[in-house]
Structure formats: C-alpha cells, structure tokens
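Peer 1: Given the sequences, and given the hints that come with them, work out the whole structure.
Okay, here's what each chain looks like letter by letter:
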Amino acid sequence: MITKRIIACLDVHGGRVVKGVQFVDLIDAGDPAALAARHAREGADEIVLLDITATHEGRQTLLHTVRRTARELFVPFAVGGGICSADDAAQVFEAGADKVSINSAALSNPLLIDAIGRSFGAQAVVVAIDARRDPQAADPVRDAQVFVQGGRKPAGRRVVEWAREAEARGAGEILLTSMDADGTRAGFDCELTAAVSESVSIPVIASGGAGTVDHFVDVFGRGRADAALAASIFHFGVSSARTLKRQLSAAGVSVRLPC
Amino acid sequence: MRVTVIDYKAGNLTSVLKALRHLGAEVEVTDADPALVESAERIVLPGVGHFQSTARLDATGLTPAIRKAIARGIPFLGICVGMQWLYARSSEAPQQPGLGHFAEACARFPESHEKVPHVGWNSLEVRAGSRLLAGVEPGEFVYFTHSYKAPVTADTAAVTHYIEPFAAAVEHANVMGVQFHPEKSGATGLKILRNFLSWDDRGTT
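Residue numbers (my numbering), protein chains in the order written: chain X, 1 to 259; chain Y, 260 to 464.
Since the hints were derived computationally from the structure, they do not count as laboratory data.
Wrong hints could be hidden among the right ones.
[Stated by the list, open to error] Only some residues are given here: those of chain Y computed to face chain X with a beta carbon under 8 Å:
1. 271
2. 351
3. 404
Note that the Cβ used here is the ideal one computed from N, Cα and C, for glycine as well.
Peer 2: Written as structure tokens, this is what we have:
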C-alpha cells in the first residue's frame, strides 16, 4: 500500500538552516547536512532544501550546501530557491538533488517547467505554489490567489488553474504552501489542499501550518494530500519524524515506519 | 568490484553513482562504448523518464553489447525505465523495441480514482528464492516514481500493489530489474544494491 509521505523541509539562508514566522524573524536552526541526515534517520521520507534568500552571489554557497547534504543522503532530495533556468536546474542536479522546486521563475516563464521536464523527466520537477485564500471572492478557496516574493505580492493567477497548467506542462508534483497558515502551527489549510489535489493527477504536498499530529491526520484525510511538509515542528525537537509517524500510524494513516 | 553504469541520457545519474560508490564499488560510466560494455564485470542500467530514450542504446550500439555481456552470465541490473527495457516493449513508445529478455510488455496504469504517476514509498511482497531481494523483510518500503509498469509473471521477484498488482522487481538468473529506486530507498535500497554487488554465478549471495 502506498504510504503518505512526511517531508522534512530545511529553509536555508547563507548555508545555515533558519526558521521564521510568516517569512520574517529568522532563527538559526543548524547545519543543513547534519539536519537532513538526522531527519532521514528518524524516518523522514524526503528532504526539501529551500534557499529562501537565493541571490546571484549565493549560488555557489547553495551548490556547496547541496553537494554536502546529498553526500550521505539516500532518500529523495529536492532543492528550491533561485532556480531560474534549465542550466540552474542542471547544476543543482549535478550537485546531487533528485528534484528541483521552482516557484516565481515558473510563473514568469512557464516554459521553464517544460524545459526541465524534457531534460530530466517530470519526476524531477516540483512546482511550488504560495497561496492565499481570496476573502473578497465568492469562493475564497476555489479562487485562492498565487503570491510571489515570499507571499507579499499577488501573481495575478488563481491557484487551482495554475496547478493544472503546471501539470499539463510536465510538473511531477505540486508543493502547495498556504501563506495564511505558514508558521502559525495552527493546522494546514485542508480545504485549499483538497481543492488543488482533486484538480490534478500528480501528487500534492501540503505545506504551512503543521503544529500537531492531528493536523497531519487532517490534511491526509480531509485535505487529500499525498505528502505533507514540516519544518519547524522537527527542528527544535518538538516532534521527530519517528514520533510523528508512530502517532500517525496509530491514528490509522498508512506511513513508512523507520527501522 | 567494478560496475559499468550506462548513461543513455535518461535523467540524472548522480544518485545512482553516489549509492554504488558509497557501497565501495569502483564505478565507470559509458554512453557509447560497446567494447567496454561487452567486457563489463557488472552492469547497471538506470533511467528515469521516457521509454523512447532507450532508442539511444540502439543508436550507440550498446544493445548488442549488453546482450553479449548478459550471455556471458555477468550480473545486470535495470532500474525504473532500465527494468522496463528488459521487456519486449512498452505502450509508452510502441515503436521502440525493448531488449526482449522477458517476453511481456509494459503498460500504463489503468484509469482509476488513484493518481498516476505512482509516487512515494510502497511495500514489496518478495517472492521466495529472490537473491536480489534477500533479507528484505515484510514492512520494509521502497521509493517509486513511475506511470508505466511490468506485469506479474513467473519471473517476478517482488509484487507491489497500486491500482493493481505489478512487478516491482524481476529476476531470472543474472538478469535483474527493479521498478523502484534503490538509490533513494534508504537502508532497504542500499541492502538491495549490496546484494547486487555481491551477486556471483556460484549463487553465494
């Protein structure tokens, strides 16, 4: 039976893992290679490394971090942040990533999805979408809007429609972050996740708002998520992937238990 | 031990090379050297992506070289599309023949309410006698990402259930294939690759 994936997310800034609340107030949370290895050992099904302040000068730092993190990692490893071209993606793959996550670059140039998919396969392309409900809309969930620049600027696209386009262009997975829920530890946006998951055939990774085991049970059930991302919940020992998975299993969610 | 990894430009080899080296293998990569392939001690054919990309094996003359190497009895492991290529063909690229070492054809998962591709960690029902999957216990999981799959037959070494039962691994003497990615399947995957690296024709694995 296919299991629900728990993905550990490392937000990286200048070669260190950091965590903030709604993308501000960054706190140092450690070394990416050490944390990735620990999460994998504890049973995380996948590691995502997001360079949250990707700049041109930071590219070499990022590639170095990716290389170091990938070295002893034998679970799927995705990398995002500042990937603007198929060449950028190729460098990240060469450094040891299995997937790249692209966000604003795909919005400004949707052909980037096609290009990376053609060269490296759809399974290597994750399209990350930062979403906010639209309180003004008749249906705030179905009409949720895509945001860029760390959730500050609307991209002028609807989330569901953009997810469908990404799939049609050859994305292998959607990483959906609720900017409303992110960093709050008050639970995932299950309605929004379900709306996207039911609109596409590719897996949807829910992100933003993880705080308790019940939140994960909820997003895998009601939210129809195929995978869920957690960052801060792990970093300070709030809950390890091992504890989380044991509790999910007890709650009837099919997960891969670590050996 | 020396392992020849074939690069036919179907995705990224980095992870496979890293896992083999981690296990102590001396790895050489070739994309167009039939002589090297023919004289290989062990061959790994990785691959993610489209069945059509295996056309490059024909164009570079590697297909007959692989056939000869297999006939010499050296261990061969196909991963993902590399496993599917061992069959006669795939509906993903009907004009492109596979190696035909196994007579059946690969096909897409049927339409259902489940998502296709099949992405994530799933379990294996290992059949008795598999040397490649020796030591893999019930409750161990491996990582899949694919939309096409091989049917369950007498040569199937492990069955996985998603929409319908399919061959997660195939094995007949020295020719082995896995639909999942052992290089991305944690300790279980490394154990399977270690079995492959220690496979010999005396059956001591």
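Peer 1: Determine for every hint whether it applies to the structure shown.
Peer 2: Structure-based check of all given hints:
Taking 8 Å as the C-beta contact cut-off toward chain X, the hint placing residue 271 of chain Y at the interface holds, the least distance being around 5 Å. Proximity of residue 351 of chain Y to chain X is violated relative to the hint, the smallest CB-CB distance being about 12 Å (cut-off 8 Å). Of the supplied interface hints, the one on residue 404 of chain Y holds, with its beta-carbon coming within about 4 Å of a beta-carbon of chain X, less than 8 Å.
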